[in-house]
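Line by line, the protein sequences give chains A and B. Following our numbering, the numbering of the first sequence begins with 1 at its first residue and continues without gaps. Following our numbering, the numbering of the second sequence begins with 111 at its first residue and continues without gaps.
None of these hints come from the bench; they were simulated from the model. No experiment lies behind these values; they were computed from the predicted model shown. Virtual Cβ for every residue (Gly too), placed ideally from N, Cα, C. One should not assume that every hint holds.
Said to hold, decoys possible - A partial selection of chain A residues facing chain B, derived with a Cβ cut-off under 10 Å:
1. VAL4
2. SER32
3. TYR36
4. GLU42
5. LYS49
6. THR51
7. ALA53
8. ASP55
9. PHE89
10. ARG93
11. ASN96
12. ARG99
13. PHE100
14. GLY101
15. ALA102
Residue strings, one per chain:
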Amino acid sequence: GDSVTQMEGPVTLSEEAFLTINCTYTATGYPSLFWYVQYPGEGLQLLLKATKADDKGSNKGFEATYRKETTSFHLEKGSVQVSDSAVYFCALRSDNDMRFGAGTRLTVKP
Amino acid sequence: SAVISQKPSRDICQRGTSLTIQCQVDSQVTMMFWYRQQPGQSLTLIATANQGSEATYESGFVIDKFPISRPNLTFSTLTVSNMSPEDSSIYLCSGRQGSEQYFGPGTRLTVT
Numbered sequence: 001g002d003s004v005t006q007m008e009g010p011v012t013l014s015e016e017a018f019l020t021i022n023c024t025y026t027a028t029g030y031p032s033l034f035w036y037v038q039y040p041g042e043g044l045q046l047l048l049k050a051t052k053a054d055d056k057g058s059n060k061g062f063e064a065t066y067r068k069e070t071t072s073f074h075l076e077k078g079s080v081q082v083s084d085s086a087v088y089f090c091a092l093r094s095d096n097d098m099r100f101g102a103g104t105r106l107t108v109k110p
Numbered sequence: 111s112a113v114i115s116q117k118p119s120r121d122i123c124q125r126g127t128s129l130t131i132q133c134q135v136d137s138q139v140t141m142m143f144w145y146r147q148q149p150g151q152s153l154t155l156i157a158t159a160n161q162g163s164e165a166t167y168e169s170g171f172v173i174d175k176f177p178i179s180r181p182n183l184t185f186s187t188l189t190v191s192n193m194s195p196e197d198s199s200i201y202l203c204s205g206r207q208g209s210e211q212y213f214g215p216g217t218r219l220t221v222t
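Just chain B, same shape as in the assembly (with noise of 0.2 Å):
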């Protein structure tokens, strides 16, 4: 099994700032994503984290805007930039190991 870990766990931001947010594994995972989940809704995918290559995006979802990180099996960033009260929602990371995907808490971003 995968522990997947999160931070911040939440932040109130200004708009037009970036936060950026970070997702450790405790274990090698082979594909790692996130999803964005706003009040009262389902996941919806961001993006898959590709280890040393640019992340692959989902429709509706740009890199200026969600740029991705992961340097390795067990780490990713997401940086959500420029910042709008839209932007307010629980940013989730998840990992898929052989047949199981883990989720991280969550990160419940709040733009004022």
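Excised from the complex, chain A in its bound form (with noise of 0.2 Å):
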């Protein structure tokens, strides 16, 4: 069946430090992509989407784009910022399932 694999981490970075978290999916058919976001004591929130290959999702500075040559979906962020801080699920979409990721959490420090 369909799955996502996603870096586990936890990634712990300094503040403006460069961010990329792997995101690689299994799919028989034609799957729409979606970040979604984490932060302590709340639900997920949508961060990014994509619906077919070669289309960028962006969002607040984050940024992935769908690759169907590599099945990837890596989410990056040029700088990051200590309220970044939360966990990041990569999720795909087809038919009506939706899978998520292992979720990666990610600290950025002062």
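The two chains are supplied separately, each in an independent frame; assemble them into the complex guided by the hints.
Written out as structure tokens, the structure is:
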């Protein structure tokens, strides 16, 4: 079945460092891809999405590009802030099913 | 967009008892889901809540343990029945609207 594999972390960075969280997927069809963020004590919030190959999703300085040739959707941010500390989930949806990666905990230190 | 609220936000329950979690969406959604998130883990889909009919359960989850209701397009409940410590988890309600899927803040359940 469809699945998502994501870098598990935890990841600890200094403020203004460059962030990459790797995500690869396995799917038989043409899924939509998502990144969700979960701040401490809160539910999941949609961070960005891409619905077809070569689409780039972006929001709040975060970006991810849907790469069909490498079946990847890596999350990047050029300069992280302390407020970006959270757990990040990569997800895919094909048909009606949404599958989540294991989550990556990011801690940004001042 | 849709805003999803859940009640209660957290509870501590004794084993053998049951807890019903309520999920309210501020606008109509086509599909509603219930997920479980165990400590430090990812989300596992429990079931899809169907309006006016029985929920569709994922492998490993059964109606007797997790009865679900969805009387209309904006409301659903999940009951965790005959609880054991293994049911300690965060339970998340989710709703789909168009291509977007939204999540509630979760209900943190501790079973002692």
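We went through each hint and held it up to the structure:
no., hint, in the structure
1, VAL4, "holds (9 Å)"
2, SER32, "holds (7 Å)"
3, TYR36, "holds (8 Å)"
4, GLU42, "holds (6 Å)"
5, LYS49, "holds (8 Å)"
6, THR51, "holds (7 Å)"
7, ALA53, "violated (16 Å)"
8, ASP55, "violated (12 Å)"
9, PHE89, "holds (7 Å)"
10, ARG93, "holds (7 Å)"
11, ASN96, "holds (7 Å)"
12, ARG99, "holds (8 Å)"
13, PHE100, "holds (5 Å)"
14, GLY101, "holds (6 Å)"
15, ALA102, "holds (5 Å)"
When held up to the earlier numbered hints, the structure conflicts with 7, 8 and fits the remainder.
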